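Peer 1: I would like the entire structure built from these sequences, with the hints used as guidance.
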Amino acid sequence: MKVKLLICNALLLWAIGASAQNGIPREDTSLVAKQYQATISRQGRMAGMEAYEMLAAKYKIPHDQTSQVLMLLVNREKEKVARNYMYPKNLRRRVAEKQKIDSIYRDKLFEILIPYNEIAGEYMGLALLAADLLHYTDKQHAVLKGKAMDIARRLYANPRLNTGDEEMNILRNTLNEEQLDTLLDCKNAGVATRQMNQGWARLREAGLAEELDSVKDCTRAYLFYLKQHKIMDLHRGNATVRNRLLQDMNRHKPPVVRLLDGLDRSAKIKSEETKKIGRDFVW
5 MKVKLLICNA LLLWAIGASA QNGIPREDTS LVAKQYQATI SRQGRMAGME
55 AYEMLAAKYK IPHDQTSQVL MLLVNREKEK VARNYMYPKN LRRRVAEKQK
105 IDSIYRDKLF EILIPYNEIA GEYMGLALLA ADLLHYTDKQ HAVLKGKAMD
155 IARRLYANPR LNTGDEEMNI LRNTLNEEQL DTLLDCKNAG VATRQMNQGW
205 ARLREAGLAE ELDSVKDCTR AYLFYLKQHK IMDLHRGNAT VRNRLLQDMN
255 RHKPPVVRLL DGLDRSAKIK SEETKKIGRD FVW
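Residue numbering for the sequence shown follows my numbering, beginning at 5 and increasing consecutively.
Calculated directly from the structure, the hints in this document are not laboratory data. Computed from a predicted structure; not experimentally measured. Among the clues, some could well be false.
[As the list claims (entries may be wrong)] Calculated pairs, DMTMM-like style, for lysine to aspartate or glutamate (alpha carbon to alpha carbon, straight line, at most 20 angstroms):
#: 1; residue 1: Lys231; residue 2: Glu215
#: 2; residue 1: Lys234; residue 2: Asp142
#: 3; residue 1: Lys64; residue 2: Glu115
#: 4; residue 1: Lys257; residue 2: Asp221
#: 5; residue 1: Lys112; residue 2: Glu54
#: 6; residue 1: Lys231; residue 2: Glu182
#: 7; residue 1: Lys234; residue 2: Asp252
#: 8; residue 1: Lys231; residue 2: Asp169
#: 9; residue 1: Lys272; residue 2: Asp221
#: 10; residue 1: Lys231; residue 2: Asp189
[As the list claims (entries may be wrong)] The calculated label-pair distances, taken between Cβ atoms and stated as ranges, are:
#: 11; residue 1: Pro163; residue 2: Ala100; range: 17 to 27 angstroms
#: 12; residue 1: Asn94; residue 2: Lys143; range: 40 to 50 angstroms
#: 13; residue 1: Val195; residue 2: Ala243; range: 15 to 25 angstroms
#: 14; residue 1: Tyr160; residue 2: Val195; range: 18 to 28 angstroms
#: 15; residue 1: Val195; residue 2: Asp252; range: 42 to 52 angstroms
Just so you know, even glycine gets a beta-carbon here, dropped at the ideal spot from N, CA and C.
Peer 2: In structure tokens, the structure reads:
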């Protein structure tokens with residue numbers, strides 16, 4: 005219901021001209037806009053609402069910017085509809101104009117959506133979302149926004165592009181050590197927590213958790229997993245350093261992780277024995 009109200013409010017603002025600065029340029033389209041105003045308004049509104057629904061199905065849209073996103077989409081579609089009347093007999097010009105409009109509005113939408121989605125790769129959106137937490141300088145924030153937009157454009161053109169190493173290099177060169185460490189804590193806290201919880205559940209099921217401290221030992225396991233993921237992020241472009249650091253960590257595994265390794269080895273041995281029995285039976 006709240007989203008629907010926001011949509012209605014946004015359309016009302018648009019209808020009375022609250023976002024005229026993003027509409028059809030008067031110097032180019034004033035005659036067309038005047039002659040076909042009702043049609044452009046109706047078709048643009050309908051197409052914009054449809055575009056919003058498609059965008060919302062694909063991306064996370066922050067609630068406090070729902071109206072802005074909708075207005076951008078309605079105005080984008082209004083401008084494209086106007087080109088149908090500006091160049092009714094020139095298909096090539098009409099398509100070129102609409103492509104230009106899409107490109108302009110895409111950047112405006114990316115600027116809103118990047119912090120909440122992986123439009124600009126694995127790290128850049130999170131880095132922008134964490135701006136208040138990490139207290140960036142104006143220069144740091146400007147650099148991150150510019151780099152994120154550049155990556156978003158390239159990923160839009162080629163979704164298979166792998167930008168992970170490039171993103172990490174940007175963060176290394178832009179953030180200080182404390183900021184980067186905190187950012188990677190935020191990125192990996194969820195997966196480390198899931199690993200800890202799943203591991204503890206396995207130990208309880210196997211009857212191996214009785215002699216462990218559920219708080220102390222789970223915390224140690226969480227910190228171990230968190231550090232693992234941070235190493236894999238920080239050194240994703242350098243396998244030699246990454247593997248050396250992970251091997252060093254494996255020499256000092258906490259009790260929960262050591263017990264889980266034992267369960268994995270037992271399960272592997274049992275699986276191999278089952279396969280061997282099966283092969284022997286066949287022969």
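Peer 1: Please list, smallest to largest, the hint numbers that this structure does not respect.
Peer 2: 1, 2, 9, 15
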